[in-house]
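Chemist: Spelled out from the first residue to the last, the chains are:
Protein chains: 2
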Amino acid sequence: MSAKDRAEGHRRPRVIIIGGGFGGIAAAQGLRHANVDVLVIDRHNHYVFQPLLYQVASATLAPSDIAVPIRWYLRGQDNTEVLLGDVTTINPVARTVTVDGDREESYDFLVVAAGSRHAYFGHPEWERDAPGLKSLDDALEMRSRFLEAFERAEATEDEAEQRAWQTIVIVGGGPTGAELAGIMVLIARHALRRDFRRIDTTQTRVILVEGGPRVLPTMPEELSARALDDLRAMGVDVRVQTMVTEVTPTHVRLGDEVVETRTVFWAAGNQASALGRQVGPTDRVGRVLVEPDLSVAAHPEVFVVGDMAVTTQPNGRPVPGVAQGAMQGGRCAADNIVRTLERRARRPFRYQNRGDMATLGRHRAVADLPGGLRFGGTIAWLLWLFLHIAYLAGFRNRLIVLLEWGWEYLTWQRGVRLLPGRRSRA
Amino acid sequence: MSAKDRAEGHRRPRVIIIGGGFGGIAAAQGLRHANVDVLVIDRHNHYVFQPLLYQVASATLAPSDIAVPIRWYLRGQDNTEVLLGDVTTINPVARTVTVDGDREESYDFLVVAAGSRHAYFGHPEWERDAPGLKSLDDALEMRSRFLEAFERAEATEDEAEQRAWQTIVIVGGGPTGAELAGIMVLIARHALRRDFRRIDTTQTRVILVEGGPRVLPTMPEELSARALDDLRAMGVDVRVQTMVTEVTPTHVRLGDEVVETRTVFWAAGNQASALGRQVGPTDRVGRVLVEPDLSVAAHPEVFVVGDMAVTTQPNGRPVPGVAQGAMQGGRCAADNIVRTLERRARRPFRYQNRGDMATLGRHRAVADLPGGLRFGGTIAWLLWLFLHIAYLAGFRNRLIVLLEWGWEYLTWQRGVRLLPGRRSRA
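As given, the protein sequences belong to chains A and B, one line each in that order.
Reading the first sequence from the start, the letters are residues 374 to 799 in my numbering.
Reading the second sequence from the start, the letters are residues 374 to 799 in my numbering.
Hints in this document: simulated from the structure, not taken from any laboratory.
Treat the hints loosely; a few may be bogus.
Okay, the calculated beta carbon distance ranges per label pair [what the hints assert, rightly or not]:
1) Arg384(B) x Asp459(A): 56 to 62 Å
2) Ala763(A) x Glu500(B): 56 to 62 Å
3) Thr529(B) x Gln725(A): 38 to 44 Å
From the three backbone atoms N, C-alpha and C, an ideal C-beta is built for every residue, glycine too.
Model the full assembly from the supplied sequences, consistent with the hints where possible.
Modeler: Written out as structure tokens, the structure reads:
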């Protein structure tokens with residue numbers, strides 16, 4: 374609805390969606406045919422296929438392979454506007470949000486899908502030396518550090534210094550950490566092998582640190598064991614039941630051991646967006662405790678979806694904070710807005726688990742599918758490849774991604790190893 | 374040669390090449406079979422196909438489509454090392470260069486191919502509001518400003534503000550300025566048309582400002598006239614014989630006229646790298662006056678190539694500062710190093726003009742080929758397309774570029790319109 378229509382009083386209910394990730398975009402799409410005006414607000418202009426972020430971080434895919442402008446993605450949806458901005462405040466009593474500190478927008482319904490950032494176990498000062506992986510900017514920062522480590526190792530003649538630059542520590546043995554460790558060791562040992570003269574990139578150490586007893590802890594135990602074997606066979610130094618107790622620019626402390634390293638990546642612990650606290654009660658990691666219909670008890674016109682929300686399935690299990698959960702939650706919130714406008718009863722959110730996968734390297738992956746189907750190896754890897762290409766269908770780069778992967782597979786060459794302007798790091 | 378060999382006294386002549394652009398890479402490749410050790414030093418890790426930078430700046434191609442890591446490009450060349458670093462000083466008497474302020478490297482021969490930056494007619498303070506286009510970082514900065522302008526226009530309700538954000542001023546009517554103006558007006562009027570709700574992107578004003586009497590001033594007059602017609606037909610507001618007298622964050626002054634704009638791009642004037650002054654006499658814009666063999670009079674072991682050098686062809690005309698000139702110069706310098714080592718006479722540099730082209734839009738281009746062949750239109754455009762794809766052959770993304778272009782041509786869609794993390798601009 375234009376400003377003019379609004380001034381003349383033709384007023385449709387207005388839905389504001391905070392966040393253009395899986396949850397927010399699904400909510401917007403669920404409102405495509407609804408008699409509402411939708412405003413999607415995100416601090417980035419792009420919608421990212423997050424499960425492949427680690428491939429951008431490891432210089433395998435280019436940012437544009439896995440991201441599209443939100444505007445472009447939603448441009449066929451005439452009732453929807455997109456605003457590039459940072460929501461700084463939600464006022465659920467006045468039903469307004471403040472963007473970039475000064476611009477106020479009113480809503481009739483609000484969908485909060487602002488996601489989460491990493492948590493550093495009470496050590497926020499570690500972030501500087503151990504960046505995480507949630508956004509495209511994070512991925513590019515990680516890529517810079519990863520590629521620069523080899524440049525620095527090549528440029529020094531001090532062997533201890535060289536070893537420190539060739540040691541990469543990844544904290545967190547969940548899917549992101551395991552996938553990062555797998556792809557980074559492969560790149561170091563194969564793709565980069567012939568690019569350097571002084572250093573032997575096959576000697577690069579990739580250490581994966583997990584505090585709990587096993588990697589991929591949300592998967593069945595047999596698949597964790599399989600993944601552990603795969604990672605070790607590929608050359609990853611996996612440490613389970615190991616706590617990180619210190620992160621500095623020059624080393625990390627793993628329990629009592631000091632590991633000299635200049636390159637630490639963080640894939641452990643989540644902290645939901647601080648916006649959650651402005652709309653309802655939250656748990657220890659900042660997730661909003663939502664009702665079965667995904668709304669907030671005190672504000673039935675406010676919905677929270679994705680990994681910012683904590684909700685329980687009818688079977689008593691919590692809904693996992695994964696892409697599928699966010700997408701299904703976004704669709705449910707949209708549906709419940711439509712039902713409310715049509716004076717129909719809202720429906721409770723029922724999460725449908727479509728399976729869980731992780732890929733560790735060429736021909737190495739694990740899959741946990743509904744119906745108890747669990748397997749690893751080439752078939753899991755091909756299935757992963759197929760599904761991810763299929764899921765990228767909405768993105769326009771599906772064919773390009775396929776070609777990149779095909780090319781990389783055939784040649785071990787990675788063409789996107791570009792470093793942006795040189796940063797000054799200690 | 375490894376540090377170990379060097380310590381043991383097996384010493385081959387060492388060639389340092391400053392700059393991994395067209396000139397430096399051509400010089401390195403020319404030394405592929407020479408009995409020397411080569412060190413290529415660049416402050417970026419990538420070799421860029423510069424003639425297509427404007428397509429990255431306009432969000433048409435992704436950085437990895439037109440750039441490859443220098444290391445990867447030269448990895449088959451066993452006598453060559455690559456160092457990521459900034460040469461801060463050249464000492465032609467001691468025959469050393471200093472990298473990043475503290476690391477010293479010795480040479481027997483030096484090839485300086487460090488290129489140039491933009492010159493702001495004595496107003497360096499304009500750079501902040503009118504960035505130029507020489508590197509991939511420049512292109513990404515330009516892309517951010519270009520895309521953000523539409524976001525800002527969409528976000529404001531103030532009509533004057535909206536108009537200012539939808540006004541793009543490009544200073545300099547040479548190939549870079551003309552190509553930028555052409556592609557930006559096309560993107561605004563076609564590709565972005567359906568992405569926005571409040572603004573009409575087809576109303577975007579692109580103003581191209583040229584101080585001289587015609588655009589593409591190095592081309593024959595008839596092609597300048599053709600390009601002017603093409604640009605005007607596409608909707609570019611071309612101003613010739615117009616001087617920019619002021620650039621501020623909110624407006625530019627063109628002669629007496631004040632144009633409200635938030636987005637100014639600079640494609641006028643060059644200033645050669647300041648390294649030139651450290652090796653020999655320079656002209657007004659900092660280019661080194663080199664001998665016919667491309668060496669410096671006082672230091673026959675130092676060569677300067679590309680747009681950092683000024684040299685005259687046997688026919689009395691200066692060699693133009695274009696990609697071809699840099700590549701041919703790099704090869705000539707390499708050849709003269711080999712000749713010197715083999716105690717053969719050096720050869721003078723003879724520039725072979727293989728023609729000059731510029732593309733302005735779909736089916737709109739001009740070509741000036743050897744033998745007086747001059748034409749414009751679809752044939753020139755197809756030739757440009759074909760040649761650029763062929764020249765990208767050394768780059769691994771040739772096929773991808775072709776697909777991107779094909780896709781864009783068919784659909785007017787551009788998938789690489791990604792904005793990095795939000796910058797704070799006044």
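Chemist: What hint numbers does the structure not satisfy?
Modeler: 2
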